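**Q** The numbering of the sequence shown is the numbering used here, which starts it at 1028 and goes up by one.
Wrong hints could be hidden among the right ones.
Restraint ranges, calculated between C-beta atoms of paired labels, are given here [claimed, not checked]:
| hint | residue 1 | residue 2 | range |
| --- | --- | --- | --- |
| 1 | Leu1212 | Val1068 | 41 to 47 angstroms |
| 2 | Gly1055 | Arg1120 | 54 to 60 angstroms |
| 3 | Leu1048 | Val1177 | 43 to 49 angstroms |
| 4 | Leu1172 | Phe1084 | 51 to 57 angstroms |
| 5 | Val1068 | Leu1162 | 27 to 33 angstroms |
| 6 | Pro1157 | Gly1055 | 47 to 53 angstroms |
| 7 | Phe1084 | Glu1110 | 35 to 41 angstroms |
It is worth saying that the hints were derived from the structure and are not from the lab. Quick caveat: nothing in here was measured; it's all calculated off a predicted structure. In this text, a Cβ means the ideal position worked out from N, Cα and C, and glycines have one as well.
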Amino acid sequence: MTGWLRIPSLLVWLTLLWVALWGDVTAGNVLGGLLVAIVVVAVARPTGVTGLERTYFRPVAALHYGLYFVMQMVKSNLVVAWEIITPGTSLNRAIIAVPMHTSSAGVVALVANSITLTPGTVTIQVIEEPSEDGLVDRTLFIHVLHFLGVDAVHRDVLRLERLAIKAFGSVNELPRLDAELAAMLIEKDVSS
1028 MTGWLRIPSL LVWLTLLWVA LWGDVTAGNV LGGLLVAIVV VAVARPTGVT
1078 GLERTYFRPV AALHYGLYFV MQMVKSNLVV AWEIITPGTS LNRAIIAVPM
1128 HTSSAGVVAL VANSITLTPG TVTIQVIEEP SEDGLVDRTL FIHVLHFLGV
1178 DAVHRDVLRL ERLAIKAFGS VNELPRLDAE LAAMLIEKDV SS
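Throw the hints in and build the complete structure from the sequences for me.
**A** So this is what it looks like as structure tokens:
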């Protein structure tokens, strides 16, 4: 969708949000919401922005991403709480570089923020470098409090990236990611 085609859908979305926040569907509320939406779009519309990427939203996959993220957050909270309760245990910290497989800056930002919100891990930096195919390669640098190996960190981040792509990215990026994830799982089984 081009920028001009997105504006009507944004106006509808903002108007519906306005009506939902007021909790009453009346002509005045809808008209007021539409006026506020027009002002918001006119004032907040970025100028000079080029190369906006397509945004996807798949509700079932987004719910799956959210549930997975909450489970990982609870698990990490328990591990960090245990570290606080038992201060004699040793921490094995590391900083790991994890290359991302998506070309979507939004998906990379979602994954990086999800990692940072999970106790015991912090995304330190996202490096962007131009690739040979004209896209941008992104690498996350992640500080891990409980380092169990480079492959374990890569596997966890790739799973999160896969769920994020399924929910908000282009599914055309999944085959390459699935192939690498499968290779990592096979390598883990062989080494076990």
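**Q** Decide, hint by hint, whether the structure agrees.
**A** Consistency of the hints with the structure:
Checking the proposed 41 to 47 angstroms range against leucine 1212 and valine 1068 shows it holds: the Cβ atoms sit about 46 angstroms from each other. Glycine 1055 and arginine 1120 have their C-beta atoms about 58 angstroms apart, which keeps the hinted 54 to 60 angstroms range intact. About 46 angstroms separates the C-beta atoms of leucine 1048 and valine 1177, a value consistent with the hinted range of 43 to 49 angstroms. In this structure the hint that leucine 1172 and phenylalanine 1084 lie 51 to 57 angstroms apart at CB is violated, the actual value being about 32 angstroms.
Checking the proposed 27 to 33 angstroms range against valine 1068 and leucine 1162 shows it holds: the Cβ atoms sit about 29 angstroms from each other. Separated by about 52 angstroms at the C-beta atoms, proline 1157 and glycine 1055 satisfy the suggested range of 47 to 53 angstroms. Distance hint for phenylalanine 1084 and glutamate 1110: a CB-CB separation of about 37 angstroms, consistent with the stated range 35 to 41 angstroms.
When held up to the earlier numbered hints, the structure conflicts with hint 4 and nothing else.
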